[in-house]
Amino acid sequence: MSAIAETASRGRTRRRRRVDGWQWAGRCFLLFMLLYTALPMIWMLITSIKSGFAATQFPPQWWPDEPTLASYQKLLDPQNSVGQDFLRFFWNSLFVSTVTTILSVIVAVPAAYAFSRFSFPGRNFLFFAVLLRNMFPAVIFLVPLFILMRAIGLVNTHGSLVLTYLTFGLPLAIWLLKGFYDNIPVQLEQAARIDGATRFQAFILIVMPLSTPGIIATAIYSFIGAWNEYIYAYTFLSKNDQLTLPVGIQRFFSENTTDFPGLMAASFMMSVPVVVLFLVLQRYFVRALTEGAVKH
Amino acid sequence: MAHVVLKDLVKTYGSFKAVNDVSLTVNDGEFVALVGPSGCGKTTTLNLVAGLIPITSGDIVIGDRVVNGLDPKDRDIAMVFQNYALYPQKSVYKNLAFPLQMRKLPRDEIDRKVKEAARVLDMTHLLERKPRELSGGQQQRVALGRALVRDPAVFLMDEPLSNLDAKLRVQMRSEIKRFHQDLKATIIYVTHDQLEAVTMADKMAVMNGGYLQQYDSPAQVFAHPVNMFVASFIGSPAMSLIPLEASTANGNTVLTGAEGWSLELSPRNAQKAARATTKKVVLGARHSTIKLHKSAVPGSVPAKAYTVEPTGDVTFVQALLSGVIVNISVPPNIAVAPDEQIWLEFDQERIHVFDGETEMALKAD
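Here the protein sequences come in this chain order: A and B.
Counting in the numbering used here, the first sequence runs from 1 upward without gaps.
Counting in the numbering used here, the second sequence runs from 1 upward without gaps.
Just chain B, with the same shape it has in the complex (with noise of 0.2 angstroms):
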């Protein structure tokens, strides 16, 4: 296994460029997602790390090596791909055995190999099956199995399970995320999905625009979101954001809704609040961080709900404050009507203040 580092990597096609000065390091044996919604340059950026695409400028390393104009076929390395690329003309076993018969194996050799990686993946009654006499989930694993056989230093996955039904998806999640830690292998694993990348990565990696925009443990991510994008995309069902205006009066900040309602804030949101390039500060809260009330309390602001989605062990409520949709979750006995005057009431240790202005998150000392 191996380290891979990106530095300042740069791919345009004319003028559009698709990947803007993305730097990370991955460190031996991590698994790092590459997030963001489609068209945001993770899947280029993987491309061109495995050496699909020729890279304008920046540098990749793998191991100790730069590998920028290397073929893919000299970078040892294994991808996994959204469609999984069987070679439909060949067998199971002929699929697996393709990539050392390439690398000119002895023949005892790959044979071994391949049956020991038809062990491992559980698959070995497959063998001499067509890719396409296969369900989804064996010509996924088929295709994992295909990369594991040459035990490459990195392994790249672009969105290997976006094929599969819900219900598999979530099984192969597990067995991806055993096989990195059985392996302690270098992963890169690109995906829209934001739910696989918080459970799966060790790092993940928020691109958005062709711009990496936070690189950090999932758990800080979520935590920490450093602009309104990556606050908005991780997380199910998505951050509230909400615009609000910022007046400072007796030595006091306050937000002022739509409204016109005003909601104190606490010193340490207050001095996020007034480092604000201008008046205009979003409040960020998720679902959690929220209270329902059905009557005001101190601290609370006045909201009315508007969809109600029981889920069975939560039920979540959406209410109309300040202009946006703002998403609270409540326990399934607490019953809410459409267009009832509730009032929400904020954590405000566990709130988010951005900039309105920059959209970057503000930060206390």
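The following block holds chain A by itself, in its conformation from the complex (with noise of 0.2 angstroms):
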């Protein structure tokens, strides 16, 4: 009887000591994952409160002697050219991240809703041929885009970047908001049309605040492809006042000796509207990206 016990007891401990054990190693893989990507980040935030001579010393200063600002001083500077120049090319990005967001859901949200609740001639068809774009590497379309763009003008425009990253935002923008729809019943809308209702106003009023996670995540992820692109901002742009941040900071800093702590303060705020944008409103993109996976 007692042996029994035992014995039990010892097969549930046992089994709780191997659990921990997973546990343990889950620990241990998510602070690898957080070290691997926070480092970089305070690498570089460290690095650009340092003084030119410091961040170029070996062996590293792994903290400043003489913590400084003045690269940030410099950057947001609208009096010396540096900061002109950069204020610019923020403003650049910002401008057509954000014309590129816009439209990617003005276009998406239709798209999707279309793609999920009605069935036309050559809907899978079409449905499959948006994400052909995707189905290759986006350098391949360098050359015949760019020779487009001349064709119809939009060299050195930043409407040709906008239209450009539509290509890329759009097919996933859609697949995205399309899983939403599919996963709104469309009794929904069924009932708020006998309720009274328009197709159009059970879409507004029921059907898109349902499908608000959703926007807001693909919104993200137009935002943040458009605000980080390099290669084609590159290749389609070439005057100094049009540039785009990622263009522009490393055009700038190149040209002379490499100025490490301003190339890093540049970089940091850089990255400040992609982390806020994500930090407000990553309930929402987590809750898109899940929804769906199981069922209600």
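Just so you know, these hints were derived from the structure itself, not from any lab.
Among these hints, one or two may not hold up.
Chain A side only, calculated, beta carbon under 10 angstroms to chain B, not exhaustive [said to hold, decoys possible]: (1) 110; (2) 111; (3) 186; (4) 195; (5) 282.
Example chain A residues on the side facing chain B (calculated, C-beta under 10 angstroms, incomplete) [said to hold, decoys possible]: (6) 21; (7) 188; (8) 192; (9) 193; (10) 197; (11) 199; (12) 259.
Every residue, glycine too, gets a C-beta built ideally from N, C-alpha and C.
Take each chain as given, in its own frame, and dock them per the hints.
Right, dumping it as structure tokens:
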């Protein structure tokens, strides 16, 4: 009797210990991932508050002897030429990314809704055709798109970038949103239409509010994609006053000797809008990506 | 309230006919159940009446208007869905108010009507909750409330009870029936559960394969099914349908089973059997119209007990007869063992005779 109880309890502890082992493995992995993603960011921040000399020292100063915000002051000062350029690039990036985001939401929402709710000839073909572009690496389209943009006179305009970024962002946005609409029972709209709403009202009053998380996730996706893009911006734009941040920063600091603290300060400030956007909207984002993973 | 007329209603999807020439009239204040197995076209028919899908041909009349091309919102109907379709982002109050807001009623009237509906359905205390904070029965009640705040011409209900557990379903069944009696509402109710249809409806429309099979009161459908499908679909346990061969000797009509036994028919049933297109007839008998004997009596036929299911107040015996399973109910004090030899006696006044070829019920004069 007691022997049985003993074996049983030993079995239980052994099982519990094994679970603990996995939990610790999980924690270690998460810690590793945290360091892996956070360390470069931290190093970027530390470097940005060093002086130019301290940044290139070896062995490195883990914490700067004389921390300084000089790089930031320089970048944000509209009086000097560096600050003027940086602020203009920042504004350009903000403009291109915002317009891309707005357009992609405006196009993706009705498109995804149509793919989800209506059956029309060529529906499946069209739906997979929007993915065609994403089956190839972006660089493949660099030259064709450049020729195309030149032909329609968009080279050296922000319009060329907005158009290009839409071709990356839209397919994903449409797919993501369609999944979202698929998950909203069609009976909700039917109920609304019987309750006195037109089809359009049913969409605006009932479906849209329910798909807000999806729309926000789509918007973040488009925004980040456009904000970080480098190669197309580098190819399509050559005038200094039109450059976006990724190209601008690179150009601007490699022209003379490399100013590492300046580069890091600019990079840090470039990451601020994305991080802020993400922090504010992350709960929608997570919901959007996991919604539909489980049946309610 | 209003009456509803369906005339030669057809809905096709490509070459597939979902609804075939369905014609029926729902009188003002009547509770009509559309019943049939899944895929029989009953929900499609309801959606056609609601205007959620366009009709292929035919006419739908609600009240005195032909509503064929009208939007759902202009048909003066209310609908209760199987999954309730409550607006998840709105509170119960706002769910109930939505149909009234869409009709641009003044705010104080909306408030009055919502509170009245909440009082009738006993959910005043739930008004501020969101649908996900309610139990299944409460959600169901809100769905009902949203339909009744508007005082529509017709209520359409699409399997409103099938998402509830068995106990709650029985309770809500009587609530809906009460609701119909109090409001004198015209209701079209779709269900696959024949028991719901039989217990609640004034009339039932039995559908199969997109065709309307029979449209009559539950008692009539139960007592006089027009064909073998209706006979086997309505009633639980199902009516036993025994395929037999008819022959006439010395002026008497007898039915012969696969095991070689024969059953002499009453003159009335003989007349029915004589009208069959071939010799093949099917005898239909409900469990309560068959008597079980432990020894041979005149007019009984031999069978073998297959399974025995005691339910408490009645025991169901399944017996093998002429290659099919026959359901018989016996009092619980009669013990029957599986594989036991038994004899069955049919109540000739209450059995049904079907044509083995056309599957239609045969009638005497």
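**Report entry** Hint check, failures only
**Finding:** Going through the list in order, the structure violates hints 1, 2, 5, 6 and 12 and respects the others.
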